[in-house]
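Undergrad: The lines below spell out each chain.
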Amino acid sequence: MKPAPFAYARPTDLAAAVEALAGSTNAKVLAGGQSLVPLLSMRLAAPALLVDINRLPGLDHVTSDASGVRVGALARHAAVLADEEAHRVQPLLAMALANVAHATIRNRGTTVGSLVHADAAAEMPVVLALLGGSVDVVGPGGRRTVAGDALFLGPLESSLAHDEIAVEAFFPALAEGSGVAFREVARRHGDYALCGVAVLVRLEDRRIVEARAGYLSVSDLPTVVDLAPALAGGGPEVPSDRALEAAGELALAALDPQGDIHATAAYRAQLVRVLTGRTLRAAYDDARRRTEQP
Amino acid sequence: MTTRMFGERIARVEDDRFLRGAGRYVDDLGADALHAAVLRSPHAHARIVDIDVSAVLDVDGVHAVFTYDDLQGPMAEPLPLLIPHPALTHGRTQYALAKDEVNHVGEAIAFVVADDRYVAEDAVDKIVVTYEFLPPVVGLAAARAAERLVHDDVPGNVAARLEQHVGDAPAAIAAAPHRLSLDLDIERSASTPMEGRGTLARWDTDSGRMQVWTSTQTSTGVRAAVAAKLGLDLGHVDVITPDVGGGFGVKIVHPWPEELLVPLAARALGQPVKFIEDRREHFISSAHERAQVQHVEVGFDDDGRLLGLDVAFWHDNGAYTPYGLIVPIITSTQLLGPYKPHNYRVTFESLYTNTVIVTPYRGAGRPQGVYAMERTMDAIAAYLGKDRADVRAVNFIQPDEFPFDHHLTFQDGRPLVYDSGDYPQLLDKLKALIGWDDFETVRAEAAAQGRRLGLGLACYVEGTGVGPYEGAHIHVETSGKVKVATGLTTQGQGHQTAFAQIVADELGVPFESVEVVTGDTRRMPYAVGTFASRAAVMSGSAIHLAARKVKEKALRIAADALEASVDDLEIVDGSVRVKGAPDSSIALGTVAVLSNPLRYAFDEASGAATQFSVGDPGKPPVAEGEEPGLEGKDFYSPERSTFAAGMHAVIVEIDPDTAEIEILRYAVVHDCGNLINPMIVQGQIHGGVAQGVGGALYERMEYDENGQLLNASFMDFLMPYVTEVPDGIEIDHLETPSPLNPLGLKGAGEAGVIPSAAVFASAIEDAERLDPGNLAVTAMPISPSQLFDLREHHRRGHPVVEEARQRRLETSAQHRKDPS
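Going down the list, the protein sequences come from chains A and B.
Each step along the first sequence adds one to the number in the numbering used here, with nothing skipped, and position 138 is 138.
Each step along the second sequence adds one to the number in the numbering used here, with nothing skipped, and position 591 is 591.
These aren't lab readings, by the way, just hints derived from the structure by calculation.
A hint or two may mislead.
[Unchecked claim] For lysine to any residue, the following SDA-like pairs were computed, each having C-alpha atoms within a straight-line distance of at most 20 Å:
| hint | chain 1 | residue 1 | chain 2 | residue 2 |
| --- | --- | --- | --- | --- |
| 1 | A | Lys2 | B | Asp116 |
| 2 | B | Lys126 | A | Leu44 |
| 3 | A | Lys2 | B | Asp27 |
| 4 | A | Lys2 | B | Arg40 |
| 5 | A | Lys2 | B | Gly73 |
| 6 | B | Lys126 | A | Ala45 |
| 7 | A | Lys2 | B | Val49 |
| 8 | B | Lys126 | A | Phe6 |
| 9 | B | Lys126 | A | Asp226 |
| 10 | A | Lys2 | B | Pro177 |
| 11 | A | Lys2 | B | Glu627 |
| 12 | B | Lys126 | A | His87 |
| 13 | A | Lys2 | B | Tyr118 |
| 14 | B | Lys386 | B | Asp438 |
| 15 | B | Lys99 | B | Val49 |
| 16 | A | Lys2 | B | Phe635 |
| 17 | B | Lys126 | A | Val138 |
| 18 | B | Lys553 | B | Val442 |
| 19 | A | Lys2 | B | Glu604 |
| 20 | B | Lys126 | A | Glu245 |
| 21 | B | Lys483 | B | Asp278 |
| 22 | B | Lys386 | B | Pro177 |
| 23 | A | Lys2 | B | Arg280 |
| 24 | A | Lys2 | B | Met715 |
| 25 | A | Lys2 | B | Asp278 |
| 26 | B | Lys126 | B | Glu187 |
| 27 | A | Lys2 | B | Phe714 |
| 28 | A | Lys2 | B | Leu408 |
| 29 | B | Lys126 | A | Pro140 |
| 30 | B | Lys126 | A | His102 |
| 31 | B | Lys126 | A | Pro5 |
| 32 | A | Lys2 | B | Arg279 |
Bear in mind the structure is a predicted one, so any value in this text is a computation, not a measurement.
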């Protein structure tokens, strides 16, 4: 469990980092290293060059305004989780981050790194996709913005070019009348979820008019499903058990849960059903609380 | 006045060092050593056609590469079969480096020594092995089917078949008013200590001496193996066990290939060499345990009293059998627990598979046996509609029936005779502790809130303190410091504390003046090892006896000096004094000076012992029958094991929708005889329960059909975190002393883990008994996914228990054909 030989660069400005990446077709960016370093040690990844971005200036920010939360590439999960302003602007961030591994990993791992690692079992890619956020990347051609739904191409595959560095993520603010919730079932506290669900709802006159759910650990990609059709037809203020069940079935129709050594496909499907209903209900309660006690 | 230390909650003296990072483990030693890495088989079953190491020698920093062809003499022979048994007719062990065949993923093929581990792993990647693939045998079903063989010359994959019986179980069952049969499964887990295996060796070219530091549970065993395999005189080999970061059984296996290859390479290269196992290696190349398939038939009366018990089980021993039949023998005998079966027959087959070897892991076959028996007790209670505790109680061996002879042979080759115990009182304590009689109220209150609760219990008896012996050497230095050496090793049990408590009491010295060394063959070359909950019983007793000898000698010498009778003397706070006249005293350090008549003085104290200062010129300076020095050595060798016991209860809450299992309360009552240090025993129980939670709810070895271990990392092998272990483990003790040793001790090391699979199966089944109804938990460990699938299976019209019971009875005759 020792890495194969690799070259190591630790540039102190962004241009030099991009240049270093561009100079090699087999380079990896090292930020928090919480996913990459184990892969190196198990020799499942053997890049020729590691470009350590930890000395790049001005990338460890967590800034919030009315539009949303901006998270720099070197902001650790723990910093985002502890940021009260970010929590106020978009509460789903902290709800999800509390489920990201353990405190020691959150102290080192970066939120942006987790996004571009593009693991469908991770919490933050789903949050970005559900909220319609984006990631800013810098490459030899300059800076561009990649929409959340265009970031994830496949398992552990992002749409970044090999010479691009993600520098900032943007998570839109929670809109008025909206509520969010996050639930996951994992084998142990802090493990990758067997199934996780993030829900965003918007109410009008105490009734749900928009409802979307993001799913992690169910498909190869972070997947967002529109649950509104299951809740259509107005109905009572509080979503009925039947409506919640219908939402779960609707989600399941859009997903194709697979089995693995920790959960059969049937069990994962059950978790989609159960967690969809529970999270949707929690998001509804969250929205009610926010609108009634602003 | 010295307070008695035995029985006190003394804080562990070793913890200051451990908690400050000042522990010294193998990898902390030998900063100048070369590093080894091992090429391991990527295939579960293959013939080795060719090994090409030519590319390795070009790697900068590589010093040597060894394959089987480089091994000579005893090193070229298979590794020892440590514990032969007449029933082990087809025992097989591996070679230190694979000869022509590999039989599991992870088997060692080549050994590379390089400047550092990085280079060594680079070099391993460059070795090219040509394999001819053989079909692998994975799992007990494939082993029993025997359509493929692990070893060509082992028919049916059967390493051993053993039957023991007392009375006539089949006849008793046939005549019984009620009969049941059960088919049970239990999966593999592993010791997974925090520190893996590790060995450092230094060869002294000038003196021809080999020094080996290894993370083992038996330094004397490794010493004998290294000497024999490397052709060295025993006296030229020292094995030293530094701090060990956990063993749990896996490190009693010896010699591991690397424990021989490291000293071999150190001698060949004339440089110190070190091997430190990494986590993946530990999963695929050390040892696992637990996997069995069991078939139980039982006959009983209207009260649930056992009339006949007939058990057949199939034990997966992995690719080789270096540790003999210890695990299945323990299962077959300890299955009986605190009960009287009246008529008992047990038959097992130990079967080869192309997987990692199976050797004792904390509990060592007992968790499987307890699982079989306790599942049976629950099934009887369900069948009769009786309270599960009551069914157990009618079967208990009673306090006035000890010593109780089961008329079977235990793992040590000696009669299975329980020395002492009080099982009815243990059950009373457990019921009081968990609130057994009030649980239906608790359950109903929870159910009113939509919560699903279940209560389980399980009982066990554990043979501890197996022989053959341990010894101790105690030396009182002239400073008054007391140096204690015992040969068995320490893996975190707190021996330095518990053993010092024994010495402090017996010798009458301050606890702080006692220093204990374990597992160093230079200090105590006669020893067995640390396993089977035996350290306190064996070394504790030996230390007590050795301390008594030192005390007797100190009193003899002091009697002369104080001109008093030995009978009038006592040792208090490190001084020998005349009873009732405390001013007339002499420090033990001074007694040590007097015990060793000197020619040369080098300080004031030794000056007092020189030839013109002491002694009767008319007598030899060292009296006849005496030896110089205030020392004592003694050994303890019991006629048989001592039997500890315990009972656990757990309350679980299970999510009706997601099948997630949460532990609400966990209670343990425990009887390990007299307690040396209740805090250490409590810690052992806590750790055992944590490990048991892992074994019952989280851990399994996920082999695919090709024999690849799919979860060989701590990401996918789910050892419970602190968040998965119950917050408060409620403990109550009973102390029925063992009559077999001077301190009345029984072992405590494995207790916490033994009934886990049984107690969780009991609780989960209890929680699920109404919805979907009659759900039987027959396979452990169990995950939420498996429990959910089990529920669905039952909801889809799986036959209810009565029908299933009838069906099993009808087919049971067929089951009996194998292996009896």
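Undergrad: State for each hint whether it applies.
TA: Outcome of the hint check:
1. Lys2/A / Asp116/B: 10 Å, holds
2. Lys126/B / Leu44/A: 16 Å, holds
3. Lys2/A / Asp27/B: 15 Å, holds
4. Lys2/A / Arg40/B: 15 Å, holds
5. Lys2/A / Gly73/B: Status violated; Cα separation ~34 Å.
6. Lys126/B / Ala45/A: 17 Å, holds
7. Lys2/A / Val49/B: 28 Å, violated
8. Lys126/B / Phe6/A: 17 Å, holds
9. Lys126/B / Asp226/A: 52 Å, violated
10. Lys2/A / Pro177/B: 64 Å, violated
11. Lys2/A / Glu627/B: Measuring from Cα to Cα gives roughly 55 Å; hence the hint is violated.
12. Lys126/B / His87/A: 52 Å, violated
13. Lys2/A / Tyr118/B: OK: Lys2/A and Tyr118/B at ~5 Å, within 20 Å.
14. Lys386/B / Asp438/B: 16 Å, holds
15. Lys99/B / Val49/B: Holds, at about 10 Å.
16. Lys2/A / Phe635/B: The given pair, whose Cα atoms are some 46 Å apart, is violated under the 20 Å limit.
17. Lys126/B / Val138/A: 38 Å, violated
18. Lys553/B / Val442/B: Violated - the C-alpha atoms of Val442/B and Lys553/B are around 62 Å apart, more than 20 Å.
19. Lys2/A / Glu604/B: It is violated: about 57 Å lies between the C-alpha atoms, which goes past 20 Å.
20. Lys126/B / Glu245/A: 56 Å, violated
21. Lys483/B / Asp278/B: 35 Å, violated
22. Lys386/B / Pro177/B: Status holds; Cα separation ~16 Å.
23. Lys2/A / Arg280/B: 11 Å, holds
24. Lys2/A / Met715/B: With a Cα-Cα distance of about 17 Å, the restraint between Lys2/A and Met715/B holds, given a limit of 20 Å.
25. Lys2/A / Asp278/B: The given pair, whose Cα atoms are some 9 Å apart, holds under the 20 Å limit.
26. Lys126/B / Glu187/B: 36 Å, violated
27. Lys2/A / Phe714/B: Roughly 17 Å separates the two Cα atoms, so the pair holds.
28. Lys2/A / Leu408/B: 50 Å, violated
29. Lys126/B / Pro140/A: Distance ~37 Å between Lys126/B and Pro140/A Cα, so the pair is violated.
30. Lys126/B / His102/A: 37 Å, violated
31. Lys126/B / Pro5/A: 14 Å, holds
32. Lys2/A / Arg279/B: Holds, at roughly 11 Å.
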